[in-house]
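Engineer: Protein sequences, first through last, are from chains E and L. Number 208 in the numbering used here belongs to position 167 of the first sequence; there are no gaps in the numbering. Number 42 in the numbering used here belongs to position 1 of the second sequence; there are no gaps in the numbering.
Calculated from the structure, these hints are not laboratory results. Bear in mind that the values here come from a model prediction, so they are computed numbers and not experimental data. Glycine included, C-beta positions come from ideal geometry on N, C-alpha and C. Please note that the accuracy of each hint is not assured.
Within a straight-line C-alpha distance of at most 25 angstroms, the following computed PhoX-like cross-link-like pairs (lysine-lysine) qualify [what the hints assert, rightly or not]:
hint, chain 1, residue 1, chain 2, residue 2
1, E, Lys-410, L, Lys-241
2, E, Lys-283, E, Lys-121
3, L, Lys-210, L, Lys-271
4, E, Lys-138, E, Lys-187
5, L, Lys-241, L, Lys-187
6, L, Lys-410, E, Lys-241
Far from chain L, by Cβ distances over 10 angstroms, these chain E residues were calculated [what the hints assert, rightly or not]:
hint, residue
7, Ser-47
8, Ala-207
9, Asp-389
10, Glu-441
Number of protein chains: 2
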Amino acid sequence: MNSKTSATRRAFLAASAATAAHIWVPRPVKGYCVAEVLAPVKPMATGISKWDLDTPALCVDLDKLEQNIAKMQRSLAANKLGSRPHAKTHKCAAIAKLQMAAGALGICTAKLSEAEALAAEGLDRICMTTGNLSVSKIRRAMQLRKRTPQFIQAVDYEPNAHDMDAAAKEAGIVADVVIDMAVGTRSGIPPGDDAMALAKLVDRLPNLKLRGVLSYDGGAQHITGFAERKARALANIEGNVKTFEAMKRAGLNTEIFSGGGTGTYNIQHLVPGFTDVQVGSYLFMDMQYLAIGGADGNPVYSDFAPSLTVLATIVNHRFPGRLTTDAGAKAFTLNVPRPGVIGEPGMDYNPGSDEFGTITFKESRKTYKMGDRLEMIVPHCDPVVNLYDYVYGIRKDRVEAVWPITARGHSQ
Amino acid sequence: MNSKTSATRRAFLAASAATAAHIWVPRPVKGYCVAEVLAPVKPMATGISKWDLDTPALCVDLDKLEQNIAKMQRSLAANKLGSRPHAKTHKCAAIAKLQMAAGALGICTAKLSEAEALAAEGLDRICMTTGNLSVSKIRRAMQLRKRTPQFIQAVDYEPNAHDMDAAAKEAGIVADVVIDMAVGTRSGIPPGDDAMALAKLVDRLPNLKLRGVLSYDGGAQHITGFAERKARALANIEGNVKTFEAMKRAGLNTEIFSGGGTGTYNIQHLVPGFTDVQVGSYLFMDMQYLAIGGADGNPVYSDFAPSLTVLATIVNHRFPGRLTTDAGAKAFTLNVPRPGVIGEPGMDYNPGSDEFGTITFKESRKTYKMGDRLEMIVPHCDPVVNLYDYVYGIRKDRVEAVWPITARGHSQ
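Extracted from the complex, chain E is given alone in its bound form (with noise of 0.2 angstroms):
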């Protein structure tokens, strides 16, 4: 990150706590954890204050989410795109359902367990966005498609497609299926000659239904500078839509061209043929989003407002220039940027330890004691996200809502 970025970075977090409805932290705090929030006095659940949670606590702040959700429905509508969320990034059954209700076409996951996981939970129209490569994923999968008549499974490799036919067969149905065309390296099949021939492949096999085509770019969405990642989206997707539009003109059906993410949301308008995003990050934000700078020139990316915070208590602060907090890896993973500490912009937050934060500042905007509360900024949503078995729903900083994380931890 350059100077100037870390400049307004600093300025970002100052302004955080300026307009925030308090930057108050209270002495003694009542530290309620998830059972107490939830159980027998019901009034508890929805009355406490942010503060009053035992830490460290995930809190997604509900009207900059809701607010999130609206203003991104709205830019791929007024850009003739649908969206269709991936479920990687929250993992939740309640954030989904608020995704679907706003408008989406569906969601995604990036993984099977993660897909049934939300499925159990009502949610019907998911696709899948990688292939699975085992028998028994296979039939998973066939067995959810039948429960979940509106599950689409992407496929990368021919003999996946053979074996998805058979256990779509077996099912006692035809799945739909999109094929994941790769862009750059990491996963899904080249386009050209080899994706043209898994989409026939598709196609020809009587029991699997071809919907169209994901070309997910996920190396473009945190490259720095609006105008730079406009033009790496837009080369490396090149090849997919040649190979899409020959797809197209050789009478496949072409229903679905889906990829991007909150990084190129108001890029993808620019590739022809493209019918929908699978925004994720825009929700929650990041430090990580936070420093890729917007298409207005602003060198932190504001679009969409930061809304995933964790709080930690200060369990030590004997030192000048330093505190520990309770809050380290096991609640904030190792990914740069580090949390951001919202209205300490002077403050360098340090998760390496496993258990403990490590604060260092020369400046503060006060003095700290054992048992206060900080609220940081997460540095990377997903992986944060991964970390919880519930997030607190906050609403002017009370609680509202104590949601369960889904898919927490279905990285199978």
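Chain E is already provided as a structure; the job is to place chain L on it using the hints.
Structural biologist: For chain L alone, kept in the frame of chain E given last:
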């Protein structure tokens, strides 16, 4: 890491495979998930090959685990020390019970929610090694002490000692307390007058009973090179020893003087008055501990066998010198050194992407295809275990147990 260590590590990874019963990677694999392994068909649970598990799968080799537990217990006993294994490493009631059965004095936990979860599974000798910083949490700790009479609570802050005394009175108990004395600046009360004053306060408060002190030197555990590690560990704890001896002379109860870990288990007996060691990682080992070097001068620390691995599936083989797997940061964390591929010392495993791992190599022992499995030693055991809901217990490459990670995510 210097090049000698790196070369020795490569040799270790190569040898791990040579001595393993199988480096066999079957095709096609079954890919059974936890639900399939546990569910109706009971014989499946004990019979299936680890290579047939759905991936990413967290596995512990039971022969190695048992050997590690026995060796640690034997080594500490030979030095007239007890073991009080730290459950922050495994968070697993089943493994804690193995440690207790082998003769541990009790277990430690880093957080209260961890202690509550393990106590609910029948662990009754728990020492919580950090203080609680909210009134609600202090009350919960005293309620836990009421249900679990051998629970011991650390304290490092005078106001909390008063709160704990009040909560103990409210619960109708006299609570067992140890003083968490700092080594370094992270947590705990500094040795000297401060610690002495707190010990006297605890001794004086009517509803608390002083049991002794903790002195955990987290920083010393991973110092590379045995001689330097030993020198630093002994120097760092000198002030604590003086305070401990002054407490003894003052007639305070000093029956517990506990700390240390896997990196200093064979050093702690040189600390006067030390009673027991809070060993954790020795169970599993990891790439971090392998790199610290042993007392025998070997740059690979081989006192304990790496028992904890993650199995992954190859999801892209299309590019020479490159493989993609289904195990990224959500399966491995971002700790370094990176995962070590067993049997393939020339492979560099980068788990930097959330959902995918990327392996690069110039040479490999075999040719891999999509659907094949690889097995990796984990970078750092504690936070990797914390990603999974279950660990598979493996003996001679067959599944023998499926253990819930009881306190997974309990970072509060």
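Engineer: For every hint, state whether the structure bears it out.
Structural biologist: Now for the hints, and whether the structure bears them out:
1. E:Lys-410 <-> L:Lys-241: holds (23 angstroms)
2. E:Lys-283 <-> E:Lys-121: holds (21 angstroms)
3. L:Lys-210 <-> L:Lys-271: violated (43 angstroms)
4. E:Lys-138 <-> E:Lys-187: Given that 25 angstroms is the threshold and the Cα spacing comes to 21 angstroms, the pair holds.
5. L:Lys-241 <-> L:Lys-187: holds (24 angstroms)
6. L:Lys-410 <-> E:Lys-241: At roughly 23 angstroms apart (the allowed maximum being 25 angstroms), E:Lys-241 and L:Lys-410 satisfy the hint.
7. Ser-47: holds (21 angstroms)
8. Ala-207: holds (12 angstroms)
9. Asp-389: At roughly 15 angstroms from the nearest Cβ of chain L, E:Asp-389 sits farther out than 10 angstroms, so the non-interface label holds.
10. Glu-441: E:Glu-441 is indeed farther than 10 angstroms from all Cβ atoms of chain L, at 20 angstroms.
Comparing the model with each numbered hint stated earlier shows that hint 3 is the single one that does not hold.
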